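Asks: The lines below spell out each chain.
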Amino acid sequence: RKEVEQDPGPFNVPEGATVAFNCTYSNSASQSFFWYRQDCRKEPKLLMSVYSSGNEDGRFTAQLNRASQYISLLIRDSKLSDSATYLCVVRGNGATNKLIFGTGTLLAVQP
Amino acid sequence: SAVISQKPSRDICQRGTSLTIQCQVDSQVTMMFWYRQQPGQSLTLIATANQGSEATYESGFVIDKFPISRPNLTFSTLTVSNMSPEDSSIYLCSVDISGYGYTFGSGTRLTVV
Chain A
314 RKEVEQDPGP FNVPEGATVA FNCTYSNSAS QSFFWYRQDC RKEPKLLMSV
364 YSSGNEDGRF TAQLNRASQY ISLLIRDSKL SDSATYLCVV RGNGATNKLI
414 FGTGTLLAVQ P
Chain B
507 SAVISQKPSR DICQRGTSLT IQCQVDSQVT MMFWYRQQPG QSLTLIATAN
557 QGSEATYESG FVIDKFPISR PNLTFSTLTV SNMSPEDSSI YLCSVDISGY
607 GYTFGSGTRL TVV
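Those protein sequence lines, which keep their order, are chains A and B. Count along the first sequence starting at 1, add 313, and that's the number in our numbering. Count along the second sequence starting at 1, add 506, and that's the number in our numbering.
Honestly, the hints are just simulated from the structure, not real lab data. Treat each hint with caution, since some may be false.
Stated by the list, open to error - Result set (BS3-like, lysine-lysine): computed pairs, CA atoms no more than 27 Å apart in a straight line:
#1 513/B with 358/A
#2 411/A with 513/B
#3 571/B with 355/A
#4 315/A with 513/B
Claimed, not checked - Example chain B residues on the side facing chain A (calculated, C-beta under 7 Å, incomplete):
#5 533
#6 549
#7 612
As the list claims (entries may be wrong) - Beyond 10 Å from chain B on every Cβ pair, some chain A residues (computed):
#8 314
#9 320
#10 376
#11 421
#12 423
In this text, all values refer to a predicted model and were calculated from it rather than measured experimentally. Just so it is clear, CB atoms sit at the ideal spot from N, CA and C, and this is done for glycine as well.
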């Protein structure tokens, strides 16, 4: 089983739609959780952290369920510019604090 | 967040040769991370570079193939040695300044022919 699993998509949605991405992780001792965005041929960039209480940043809402080891990202009112690959990322425990990346979910917002 | 300068941005190399990738950070960091992203795949951690000690390599990666230098707290290099076409990939360095999340360099797109 992969340490971080995501539906690879692609998700093809019209402008204005609401779309949700899900992610599961295998290590129950994981400490921190993030969503990154990666545009084609670019480096990943941090979109938002994910907290147990849930957090919102404009049209983006992230949720964490530690009991189920499940992370979600909700995008409301999708824009063409939201088209990208969204990476679910988990920080392990231990001294190295390394990040473990999911394979990413491809979102294509259509006009 | 940190600003990372990574170079070269891309290169095409002959098999059997080596390429050294450099990353310069605009602030001092304890750890720098080197990732590989093969075509169509997500990022895989190669190693963690600590200043003043040997790099820590992940399973499947060895120092002879990917030697790393970390001469100071703002700079690191990754060398891809004795390259083969299977090494064609994007290589990224990364740092975590605030504990909030990682910042990545712009990547080195390597093609081995």
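Asks: Of the numbered hints stated previously, which ones are contradicted by the structure, given in increasing order?
Replies: When the structure is compared with the hints, numbers 4, 5 turn out to be violated.
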